[in-house]
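Chains as they are written, first to last, in our numbering: chain A, 1 to 254; chain B, 1 to 218.
Treat each hint with caution, since some may be false.
No farther apart than 25 angstroms at their CA atoms in a straight line, the calculated lysine to aspartate or glutamate pairs in the DMTMM-like style are these [unchecked claim]:
1) B:213 to A:242
2) B:85 to A:235
3) B:213 to A:246
4) B:143 to A:170
5) A:243 to B:53
6) B:124 to B:53
Here are a few chain A residues that face chain B, going by a calculated C-beta distance under 8 angstroms [what the hints assert, rightly or not]:
7) 246
8) 250
9) 252
Calculated from the structure, these hints are not laboratory results. Beta carbons are placed, not taken as given, at the ideal position from N, Cα and C, and that holds for glycine.
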Amino acid sequence: MGDTSNIKFKIQDLNLFYNSFQALKSVNIEIEKNEITSLIGPSGCGKSTFLKTLNRMNDLVEGTKVEGSILMDGIDLYREMDAILLRRRVGMVFQQPNPFPKSVYDNVAYGPRIQGIKKKIELDDIVERSLKQAAIWDELKDRLYKSALGLSGGQQQRLCIARTLAVKPEVILMDEPTSALDPISTTKIEDLIIKLKEHYTIIIVTHNMQQAARVSDKTAFFLLGEAVEFGVTKELFSMPRDKRTEDYITGRFG
Amino acid sequence: MRETFIHEIEDLNDDLIMMGSMIESAISKAVEALTNKDVDLAQEAIEFDNQIDNKEKEIESRCIALLVQQQPVASDLRLVTAAIKMITDMERIGDHAADISEIMLIIADSDYTSHMSKIPEIAKATIKMLNDSVNAFVSRDRKLAKSVQKYDDVVDELFVDIKAELTELIRSDLEESNQAVDMIMIAKYFERIGDHAVNIAEWVEFSQTGMYKGTNIM
Ligand SMILES: Nc1ncnc2c1ncn2[C@@H]1O[C@H](COP(=O)(O)OP(=O)(O)OP(=O)(O)O)[C@@H](O)[C@H]1O
Ligand SMILES: [Mg+2]
Chain A
1 MGDTSNIKFK IQDLNLFYNS FQALKSVNIE IEKNEITSLI GPSGCGKSTF LKTLNRMNDL
61 VEGTKVEGSI LMDGIDLYRE MDAILLRRRV GMVFQQPNPF PKSVYDNVAY GPRIQGIKKK
121 IELDDIVERS LKQAAIWDEL KDRLYKSALG LSGGQQQRLC IARTLAVKPE VILMDEPTSA
181 LDPISTTKIE DLIIKLKEHY TIIIVTHNMQ QAARVSDKTA FFLLGEAVEF GVTKELFSMP
241 RDKRTEDYIT GRFG
Chain B
1 MRETFIHEIE DLNDDLIMMG SMIESAISKA VEALTNKDVD LAQEAIEFDN QIDNKEKEIE
61 SRCIALLVQQ QPVASDLRLV TAAIKMITDM ERIGDHAADI SEIMLIIADS DYTSHMSKIP
121 EIAKATIKML NDSVNAFVSR DRKLAKSVQK YDDVVDELFV DIKAELTELI RSDLEESNQA
181 VDMIMIAKYF ERIGDHAVNI AEWVEFSQTG MYKGTNIM
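Chain B on its own, in the form it takes in the complex (with noise of 0.2 angstroms):
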C-alpha cells in the first residue's frame, strides 16, 4: 500500500468537499443579503470571496503536488484531473456570489425588493443544482450528477421569465429602469452559476468514468 499517497488523496477529497460547503455558503449567504436587503451580510460575503480563492490556490498546489510526486494514474489520475477544473468552476461561482452582492450594495437603498420578479425562484434553483453537484462529488452519485445537467433547463427558462417581466417593466415605467436592468444583471449571474454547477456535475461523472460531455478523454 501507498500510505502516504492514498492519504494524499483523502485529503484531497476532503479538501474539495469543503471547498464545495465554502462556496454553497457564499451562494446562501449573498442570496439572504438580497432578500433581506441585509447590508452587513453582502459584506461578508464580498469578502468571504478571499477565503474562496486561496482554497483554490491551495487546493491547486497540493494537486499539481500530486501529479509531480505521485505520477496517478486510474481513478486517483482522474479525482486529480477532475479537480483542477471543478475548482476553477468554484472559484467562479464565488466571484459571482460576490458580485450579486456588490449589485445589492449599490441599489441597497432604493426598493428593488419589490422588482424581485422571479429571482427567489432562481436563487433556489441554482442553489439546489449546487447542493446537489456537491452532494453527487461527495457521494460518487453519477445519477445526482446527471440531473444536475438536465435541472440546468429549469434555470434557464427562469432566466427567460425574469428577462421578459423586467423588460417589460422597463417599457412601462422609465424610472424603474436602472434597478430592472441591475436585477436583471443579478438573474445572469443566477444563471451563470447554474452553468458552473454543471461543469462541476460533468467533472464529477468524468472523475468516476472517463467520460466528459459524452466522449472519452482519457
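Isolated chain A (complex conformation) (with noise of 0.2 angstroms):
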C-alpha cells in the first residue's frame, strides 16, 4: 500500500445521495497520478458531485449520504482521513474565477498564512513560486498588491489557479473552469494544466469535447450518475465501447 502504486484514488462501488435523490451509481474507477482525467456527460448526470466527493465537498451539503469508498493513495477519505487535511492535499477551481477582494499578493498567501507561515521572505517566495507555476507571473509581477478584481477573467482564473497552488496541493480538481473565458484565456488555461501534470494529478469537468481530447490522458463518460464509460481519452473519442458514449459524443443524444 502507501505510495508505492500509481494509483492516486481508487473509487470502489461509490453511491451518493442527495436526501433521497441518488446522484452517484455504483461509480468505479481508478485515477492515476500525474494524469488528466476529464469528466464529461451531460447537465446533471453527477460530474461536479462525482468531483466534489474526491475532497469530500458534498460533507458540507446537509442531506448527503456516501456509500462505497475511495480511496487515496490507499487511504480511506471518508473514514480514515480528516476533511480539512483533505482538502490541502486536494485543492479546488470553479468555474467562475473567484478571488478574494484583496491584492494579487494577499491572494496567493491567503493559504500559507492560515496554515501559520508569517515571514515575509517565505510568503514571498510562495507566491512568485505559485504565480510561476500558474503561467501568469510575468503578467502580475509588477501589480502583486492591486486588487484582483481588477483582472481579466482568463488572469483570475490563472490567478485563483495559483492561489490553489500555493498551498502545495497533490491534486487539483477543476469544475469547468474556462467555460466563463475566450478562446485565448482557454487556451493558455490548458496549456498550464498539461505543464502541471508533471507535479500534480488533475481531474477536469468540462461541457468542451474538444477540451477533454486536447488535455486529458482518461475521460470518463458519465449518465444519470452512472460511469458509463472509462478509459484512454483517445480511444474513448475515436473508438467508443458504448453505445450511449456514442451517441453522447457525436451529437445523437436525446
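Got two chains here, each in a separate frame; can you build the complex from them with the hints?
Below, the structure is given as C-alpha cells:
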C-alpha cells in the first residue's frame, strides 16, 4: 500500500444520495497519479457531484449520504482522513474565477498564512513560485499589490490556480475552469493544465469535448449518475465501447 | 441532436455510394467496350473519368469542411477519415478503367479478340470485388469486406495465368507480340483494380472497427 502504486484514487462502488435522490450510482474508477482525467456528460449527470466527493466538499451539503469507498494513496477518504487536511491535499478551482477582494499577493498568500506561515521572505517566495507555476508571474509581477478584481477573467482564473497551488496540494480538481473564458485565455489555461500534470494529479470537468480530447489522458463519461465508460481519452473519442458514449459524443443524444 | 451535422454525414455517405456506383459503371463500360470492340463506348468510358475526378474533389472538400466545422469523433470521425482514403482508391479505379479503354482504342483495328486469354474472367472477378466492396460499405457488412480481401488471390492467380499464356504466345508467334503485350497491360490494370477494391474493403472495415490491416490506428 502507501505510495508504491500509481493509483491516486481508487473509487469503489461509490453511491451518493442527496436525501432520497441518488446522484451517483455504483461508480468504479481508478485515477492515476500525474494524469489528467476529464469528466464529461450531460448537465445533471453527476460530474460536479463526483468531483466534490474527491475532497469531501459534499460533506458541507446537508442530507448527503455516501456509500462505498474512495481510497487516496490507499487510505479511505471518508473513514480514515480528516476533511480539512484532505482539502489541503486536494485543491479545487471553480467555473467562475473567484478571487478574494484583496491584492494579488494576498490572494496567493491567503492559504499559506492560514497554515501558519508568517515570514515575509517565505511568503514572497511562495507567491512568486505559485504565480510562476500558474504561468502568470510575468503579467502580474508589477501589480502584486493591486486588487485582484481588476484583472481580466483569464488572469483571475490563473490567479485562482496560483492560489490553489500555493498550499502545495497533490491533486487539483477543476470544475469547468474555462467555460467563462475567451478562446485565448482558454488556451493559456489548457497549456497550464498540461504543464501542471508533471507535479499534480488533475481532474477536470468540462462541457467542451474538444477540450477533454486536447488535455486529458483519460476520460470518464457520466450519464444519470453512472460512470458509463472510462478509458484512454483517444480511444474513447475514436472508438467508444458503449453505444451511449457514442451517441453522446457524436451529438446523437436525446 | 446536431441536426445539421447528422444531415451532412448522411450526405457524405450518399456521395460515397454515388461515387462507388460511378466507378462500377466506369469498369462495366470499359469491359463492355473491350469485349464488343465498341469504340464509341470506349470513348465514353474515357470521358466519364472526368466526372469521377470531379466527384472525388467534391467529396474531398466535403470531408475537409466536416473536419473543420464539426470536429467529428467516434464513428463519424472514422467515416470521414475512411472516406478521404476510399475516394483516392476509387479515383484510381476510374483512371484504370480509362487506361483500359485507351489501349483498346489503339488496338481496335486489330484482331485482338482472339488473344483475350482469361481477360473476360479477370474482368468479371475484379467487377465482383468492386461490387462487393461498395456493397460492404453501403450495408456496413464487415464479412463481405473481409471476403473481398480474400478474393484478391483469385484475381492474382488469373493474372499469373494470363501472363504465362500470352508470354507463350509472344514466344511462338512474334507477329502477335504487340497485341499480346497490350493484353498483358490490360490484365495488369484489372489486377490493380482488384488491389484498389481490397483497399476500399479495408477502409470499410476501419470505419467500423478502427482497425486497419490488423492494427488499431486511431
Ligand atoms: N445539493 C443538492 N441537493 C439535491 N440535489 C442536488 C444537489 N446538488 C446536485 N443535485 C442533483 O444531483 C444531480 C447531479 O448534479 P451535478 O451538479 O453533479 O451535475 P453536473 O453533471 O455537474 O451538471 P452540470 O453539467 O449542469 O454542472 C442533478 O440532478 C442535481 O439536480
Ligand atoms: Mg457541474
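Do the hints match the structure? See the list:
With a CA separation close to 24 angstroms, the supplied pair residue 213 of chain B and residue 242 of chain A stays within the 25 angstroms bound. Of the supplied pair hints, the one linking residue 85 of chain B and residue 235 of chain A holds, its CA atoms being roughly 21 angstroms apart against a limit of 25 angstroms. Between residue 213 of chain B and residue 246 of chain A the CA atoms are separated by roughly 23 angstroms; this keeps the pair inside 25 angstroms, and the hint holds. A hinted pair counts as satisfied when its Cα atoms are at most 25 angstroms apart, and residue 143 of chain B with residue 170 of chain A does not qualify at roughly 50 angstroms.
For the hint pairing residue 243 of chain A with residue 53 of chain B, the CA-to-CA distance comes to about 36 angstroms; that exceeds 25 angstroms, so the pair is violated. The suggested pairing of residue 124 of chain B with residue 53 of chain B holds, with an alpha-carbon distance near 24 angstroms, which does not exceed 25 angstroms. Given hint, residue 246 of chain A at the interface with chain B, holds; its Cβ is 5 angstroms from that chain's nearest Cβ, closer than 8 angstroms. Given hint, residue 250 of chain A at the interface with chain B, holds; its Cβ is 5 angstroms from that chain's nearest Cβ, closer than 8 angstroms.
Look at residue 252 of chain A: its Cβ gets to within about 6 angstroms of chain B, closer than 8 angstroms, so that hint holds up.
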